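Model the full assembly from the supplied sequences, consistent with the hints where possible.
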Amino acid sequence: MLDVVNLRHTYGEGPNAHQALGGIDLKVAEGELVCVVGPSGCGKSTLLRSIAGLIQPTEGQIRIRDTTVAETPGDLAVVFQDYSRSLFPWMSVGDNVALPLRQRGQDRAARRQAAAEALEAVGLPSAAGKYPWELSGGMQQRVAIARALAYRPSLLLMDEPFGSVDAQTREDLEDLVLSVRRHHRMTILLITHDIDESVYVGDRVVVLTKSPARVAGELAVDLPSPRDQIATRQLPAFVRLRAEVGRLVRDKQQHSEA
Amino acid sequence: MTVTTVTDLHDGAGPSPASANGTVRHGLGSVIRRVWLVPIVIIAWELGTRQAESPFFPPPSRILVHMHELWFSGPASALYLTEEASANFLPSIGRLFSGWALACILGIVLGIALGRSRTLFDYVNPIFEFARAIPPPALIPLFIIIFKIGTPMQLATIVYTVIWPILINTIDGARYLDSLHSETAQVFRLSRAQRFFRIILPAAAPKIFAGMRVSLSMAVILMVVSELVGALNGIGYLIQAKQQTLDLAGMWGGMVLLGLLGYVLNGTFLFVERHVLSWHRQARQTN
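Protein chains in written order, with my numbering: chain A, 1 to 258; chain B, 1 to 287.
Calculated directly from the structure, the hints in this document are not laboratory data.
Among the clues, some could well be false.
Computed far set for chain A versus chain B, every beta-carbon distance over 10 Å [said to hold, decoys possible]:
hint: 1; residue: Glu30
hint: 2; residue: Thr67
hint: 3; residue: Thr68
hint: 4; residue: Ala70
hint: 5; residue: Leu124
hint: 6; residue: Met139
hint: 7; residue: Asp166
hint: 8; residue: Asp172
hint: 9; residue: Asp194
hint: 10; residue: Asp228
hint: 11; residue: Arg233
What the simulated footprint calls covered on chain A by chain B, stretch by stretch (three residues with Cβ under 8 Å from a Cβ of chain B suffice, anywhere in the stretch; the number is not a length) [unchecked claim]:
hint: 12; stretch: 71-79
hint: 13; stretch: 82-90
hint: 14; stretch: 97-106
hint: 15; stretch: 125-137
To give an idea of the interface, some chain B residues facing chain A are shown, with a C-beta separation under 7 Å as derived from the structure [unchecked claim]:
hint: 16; residue: Asp178
hint: 17; residue: Leu180
hint: 18; residue: Thr184
hint: 19; residue: Gln186
hint: 20; residue: Val187
hint: 21; residue: Phe188
hint: 22; residue: Arg189
hint: 23; residue: Pro202
hint: 24; residue: Ala283
hint: 25; residue: Thr286
Quick caveat: nothing in here was measured; it's all calculated off a predicted structure.
Where is the CB? At the ideal position from N, CA and C, for every residue including glycine.
Okay, structure coming up:
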């Protein structure tokens, strides 16, 4: 599905150049949910923005279903961390969700219908007429997820999607992503700096080193599904995986600091 | 002002009866606080001018009566406007609005193009800075030669002057589009038209409206200036004609009329702006 080969990216030139990605290889299979974890500022977002076609990487290749990504692919959606800036405050929630669907060639009624269904799926069935700023942070992020859902992408990228909400909301949204993925069957690449979250949500966790980022290691998450915020996190397997991911993140950090 | 009423709406359950009461009292109090000086000034004006008995400074009551005789005592079929009124007010207002509207369209379209294209801006900016530095009344002689005396020359004068605040504000608003807004537009592959009408234009709207408001009051000034210099009708022309025929109450009437016109225009504009940009005001209050 997604194939990232030897991806390198350097910001700027000369003595001020900053190498964010130092050669990343990553494969995501159809229908898989992969979490990318790494220390803050390690280049996780650069990776995501390259895949989304928002920046042109200096070197390397990104292929989605064997097509090389040159600009933003048509069946890809992104949920950004900063929902308050990603949603448009001058449009109602329903219009925000329906806006990208015009490109899908759907007429007005179909767009409205699709928006209503997506909002229903994220648990906001009566929010279409409201404005984003009338909703809480967690609800706004649900709207952003609904917008991505209605767009029916085959690949969904999420950039620290729960980084700006409180702990309770965060757990709700993690479960929402899991349920959305069960019902809509899409491939998801989720970027986070939260080790627990990566193990709880992911089928596989890919750990990045400090910048310039490389893949430090990866772990398959073989926890039973559906997952449960309390029961899953109590499982010995969860605790073991969390420790392993944590060790990978920490080791690599110390190595590169030394 | 009415800020308290807006926040009340977003408490969730809606305003409680107590706060609604408070709002009413607050509203009435603020109205009184805003207007109490007006009658005092008018009375002082009346007393002062009666005392002075100068032919150049007629008392406001006489101005009003005279305005009524001159302009507002026409037949009901003409909305009570006299012939002199409709022959002069309507052309003025027509020029004002068409000049302003033309400036708005040109300013917004050009402004967004320049705000979104750094290269274009770098090319054109020095020329604009030079053109903008020329005081518009200085161009009237040129416009008279090009367009002759009449409406086209007056329109040119108005458009040339009032386009700048709109243009500069639009450039500013379009240039500092939130990076995440444009990235979202890119990710969801919005069309050019969608980006223009649904993203860039609304995002720049608060700045554009600020420019349009300044322009509107400038348009009134330039309408009068252009009519004083070269016109055969219009409110500015009328004021000058009254002065030359020594109908000083009529001259004062024209000035009062312009004051009222500006006041009403600004009030109407603010009302529309508040409606169109309600998302902006409320989003800023909640974030």
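Tested hints:
1. With a closest Cβ-Cβ approach of about 21 Å to chain B, A:Glu30 is found to remain outside the 10 Å limit, as its non-interface label requires.
2. Look at A:Thr67: its CB is around 15 Å from the nearest CB on chain B, clear of 10 Å, so calling it non-interface holds up.
3. Even its closest Cβ contact with chain B, about 17 Å, leaves A:Thr68 beyond 10 Å, as expected for a residue assigned away from the interface.
4. Every beta carbon of chain B lies more than 10 Å from that of A:Ala70, the smallest distance being close to 13 Å; the non-interface claim holds.
5. Distance to chain B confirms A:Leu124 as a non-interface residue, since its nearest Cβ pair spans about 15 Å, more than 10 Å.
6. Distance check on A:Met139: its Cβ is at least 12 Å (rounded) from any Cβ of chain B, clearing the 10 Å threshold; non-interface status holds.
7. The Cβ of A:Asp166 lies farther than 10 Å from every Cβ of chain B, with a closest approach of about 17 Å, so its non-interface assignment holds.
8. For A:Asp172, the requirement that its beta carbon stay farther than 10 Å from each beta carbon of chain B is met, with the minimum near 19 Å.
9. The claim that A:Asp194 is not at the interface with chain B holds, since no C-beta of that chain comes within 10 Å of its own (minimum 21 Å).
10. With a least CB separation of 31 Å from chain B, A:Asp228 remains clear of the 10 Å interface cut-off, as annotated.
11. Non-interface call for A:Arg233 relative to chain B: holds, since the shortest CB-CB distance, roughly 32 Å, exceeds 10 Å.
12. For the stretch 71-79 of chain A, the proposed coverage by chain B is satisfied: 5 residues have a C-beta within less than 8 Å of a C-beta in that chain, meeting the threshold of three.
13. With 7 residues carrying a beta carbon less than 8 Å from a beta carbon of chain B, the stretch 82-90 of chain A meets the three-residue requirement, and the given coverage holds.
14. Counting residues of the stretch 97-106 of chain A whose C-beta sits closer than 8 Å to any C-beta of chain B gives 4, which meets the bar of three, so the coverage hint holds.
15. Look at the stretch 125-137 of chain A against chain B: 4 of its residues bring a Cβ nearer than 8 Å to a Cβ of that chain, three or more, so the hint holds.
16. The restraint placing B:Asp178 at the interface with chain A holds, with a minimum CB-CB distance near 5 Å, inside the 7 Å limit.
17. Nearest Cβ of chain A to the Cβ of B:Leu180: about 4 Å, under the 7 Å cut. The hint holds.
18. A least Cβ separation of about 5 Å between B:Thr184 and chain A falls short of the 7 Å threshold, and the interface hint therefore holds.
19. Interface restraint check: B:Gln186 against chain A, minimum CB-CB distance 6 Å, threshold 7 Å, status holds.
20. For B:Val187, the interface hint holds, the least distance from its beta-carbon to any beta-carbon of chain A being 5 Å, beneath 7 Å.
21. Interface hint at B:Phe188: satisfied, since its Cβ lies 4 Å from the closest Cβ of chain A, which is below the 7 Å cut-off.
22. With 7 Å as the threshold, the beta carbon of B:Arg189 comes within range of chain A, its nearest partner Cβ sitting at about 5 Å, so the hint holds.
23. Nearest Cβ of chain A to the Cβ of B:Pro202: about 4 Å, under the 7 Å cut. The hint holds.
24. Given the 7 Å rule on beta carbons, the hint for B:Ala283 holds: about 4 Å separates it from the nearest Cβ of chain A.
25. For B:Thr286, the shortest C-beta to C-beta distance to chain A is roughly 5 Å, which falls under 7 Å, so the interface hint holds.
When each numbered hint is compared with the structure, no violation occurs for any of them.
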